[in-house]
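There are 2 protein chains.
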Amino acid sequence: MRILKINARTVEISRYADASVPGGGLTTTVVAVVTSAERGGRPVTGYGFSSIGRFAQTGLINERFAPRLLAATDRDLVAADGTLDPTRAWDVLMKDEKAGGHGERCVAVGTLDMALWDAAAKVADVPLHMLLQRRFARAQTNRVAVYAAGGYDFPTNDIERLCDEIREFLDAGYTMVKIKIGKKALAEDLKRIEAALSIVSGARLAVDAMNRYSPRAALEAAHAIAPYALRWFEDASDPLDFDTHARLCASYEPALGIGEATFSLPDARNLLRYAGMRPARDRLIFDPAHCYGLPEYVRIIETFESAGWNRQAFFPHGGHLFSLHVAAGLGLGGSEANPRIFQPFGGFEDGAVVEDGFASLPSIPGIGFEGRAALKPLLVDLATQ
Amino acid sequence: MRILKINARTVEISRYADASVPGGGLTTTVVAVVTSAERGGRPVTGYGFSSIGRFAQTGLINERFAPRLLAATDRDLVAADGTLDPTRAWDVLMKDEKAGGHGERCVAVGTLDMALWDAAAKVADVPLHMLLQRRFARAQTNRVAVYAAGGYDFPTNDIERLCDEIREFLDAGYTMVKIKIGKKALAEDLKRIEAALSIVSGARLAVDAMNRYSPRAALEAAHAIAPYALRWFEDASDPLDFDTHARLCASYEPALGIGEATFSLPDARNLLRYAGMRPARDRLIFDPAHCYGLPEYVRIIETFESAGWNRQAFFPHGGHLFSLHVAAGLGLGGSEANPRIFQPFGGFEDGAVVEDGFASLPSIPGIGFEGRAALKPLLVDLATQ
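Protein chains in written order, with this note's numbering: chain L, 2 to 386; chain E, 2 to 386.
You may find that some hints are simply not true.
Treat identical chains as interchangeable: a pair holds within one or across any two.
[Said to hold, decoys possible] DSSO-like, lysine-lysine: derived pairs with alpha carbons at most 27 Å apart:
hint : residue 1 : residue 2
1    : Lys99     : Lys184
2    : Lys6      : Lys96
3    : Lys377    : Lys6
4    : Lys192    : Lys99
5    : Lys6      : Lys184
6    : Lys185    : Lys6
7    : Lys184    : Lys96
8    : Lys192    : Lys6
9    : Lys377    : Lys99
10   : Lys185    : Lys99
11   : Lys185    : Lys96
Read the hints as simulated data drawn from the structure, not as lab findings.
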């Protein structure tokens, strides 16, 4: 087994289809990893992308990481049974990487890692969540708890459109939603939260400040929203300001969410050591594709478990098919869902059923990106370019 | 004033010219930033590179950061006096960058920032250290304390060649040297250290473990080398393992060095908060080009000063002309020097004088990269490509 070809392409990935809503200028890299493994007489191709919320990594992939995979031999890439082993390929990707500096390259590696898991599941002829359940000895499941994410600031009729979006989520079968705060004045954000609470209870509403508060503003916001007893308050301030986070933990009674902007095991260890987090309460939002891919994500989970946490505290960021498989395959608490935003990657398989806050799982082999009509032309074009 | 063109190129940058010594597979990006400012009827071009010890960032520069500079207007780039202001350009580079994830992009930004300072000093018609002294209100100086770095493991005749290298440094006017440890068994490294100590005293010898020790091995090594009373012991273990570093500080009496693999102000703050460092003793090795460039480096210095440190504790990593200007221009403790390794960037101007451990400063406008015969053809080719 060898990797025959890796094609990578930068694409824009906007928050809403509505161009009047600021898109954030975000991009992602889509990769097609063509292997020498065959199924039905055709080479198995794995697809991955750089998840959402940061930036594309096409340059790092083409310059540094794809060449390592392309140079790898059968011995470097396969398990004892002769099939592609993404955890072995991960060692190839990370060869000669230096300690420290966990940004960007962690996304580049995670993007290729996602494609390798897609290929491995296709070789095994099972959906990824089943491959992960076998590989990591987790119970099988046919559904995952999900919450719908959205609620960015709309430039006009903000409150009305926010409420419309939340009602749409509920109509689609979601029972829990997450909205953004931290960009406007606190009083404005409280109005948004109260509007949302007119539709869902506090136990079904999370807020995400996207790391935008100063230490002082984070503590003020926490004080103001504590009475709402929200499901969780996520990314209040700088993700590396463990001191502020520890003060939040000491003063804010409801759950906090953190981890989306933490990209490695050493950084996750520091969260554990210094950020004052509460195992029975707080939620961990690490994005597997942003933190060096699944092998490092599994090490992060195991590190938290060793410190007394339950893996039910993990709700991977992303809101796309890969996060869903990971949550199902590793027995996590649940997954974010982005049914409306970050298209064509946000959300799950076409026609996915969400009932009472649980999503059904895809049944086609691999991750199932090519099962999405809006995505398939891009992937076919990329694989054959 | 606008940025007219940015050309970036990846080049290999090996430790030793001797191909039998493992080069580390390292690369760097060289950039030429062509401005609309003119001197002598020709556009002013700034040159920068990604320093040494990590990897090239050509992809990130071309995809994400160069386009921002190229789109910037006069208003975004110039100071009140109408000349290029690299600290304003830095805000342009960092626009819409998200919190957390301080790796790779910090090098890409630092590379362009270096070229902008080169251009700004050329516009001002002074060597960079003089521009920095004016800008940051530091006393003028005509020399900088330097130490010679090298001492990597040689594949054959290691001890003999190590001693030859150290003698060469002393013959060239250096009085202090730094050698590498952490790759071999501790007993072997102790032999290297003792061989070096047969030539220089402990007060003139630093060792750098390049973050290679496990927490336990770091503490064992510290215990073993403490009796030598070395100048400093650098990068013992993982740069984000503050806990291990704090234990080293508590048990190891002589100075420690840290910071080379710390790439941002939030990470530097965590070093201050959690790593147990000792202001009057330890040495700070941050690389200005690796940690988002000079504006962020200055903020790191100021943050340490606010915490009771003296900027004499800063010895910037790199061992090239830019580090030398920064050490001179900001009034730091001194600079690394790489006279033999990482060519054609290692070391200072052609014919630089080192006497009694102090290096003379370049006198041509800017950083002076094009004053190096071994470098000039590459820069000319890059600027006109």
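Verification of the hints:
no. : hint             : result
1   : Lys99 <-> Lys184 : between (36 Å within a copy, 14 Å between copies)
2   : Lys6 <-> Lys96   : within (19 Å within a copy, 34 Å between copies)
3   : Lys377 <-> Lys6  : within (19 Å within a copy, 37 Å between copies)
4   : Lys192 <-> Lys99 : between (47 Å within a copy, 26 Å between copies)
5   : Lys6 <-> Lys184  : neither (43 Å within a copy, 35 Å between copies)
6   : Lys185 <-> Lys6  : neither (46 Å within a copy, 37 Å between copies)
7   : Lys184 <-> Lys96 : between (40 Å within a copy, 16 Å between copies)
8   : Lys192 <-> Lys6  : neither (52 Å within a copy, 47 Å between copies)
9   : Lys377 <-> Lys99 : neither (37 Å within a copy, 30 Å between copies)
10  : Lys185 <-> Lys99 : between (39 Å within a copy, 17 Å between copies)
11  : Lys185 <-> Lys96 : between (44 Å within a copy, 19 Å between copies)
Comparing the model with each earlier hint shows violations of hints 5, 6, 8, 9; every other hint is respected.
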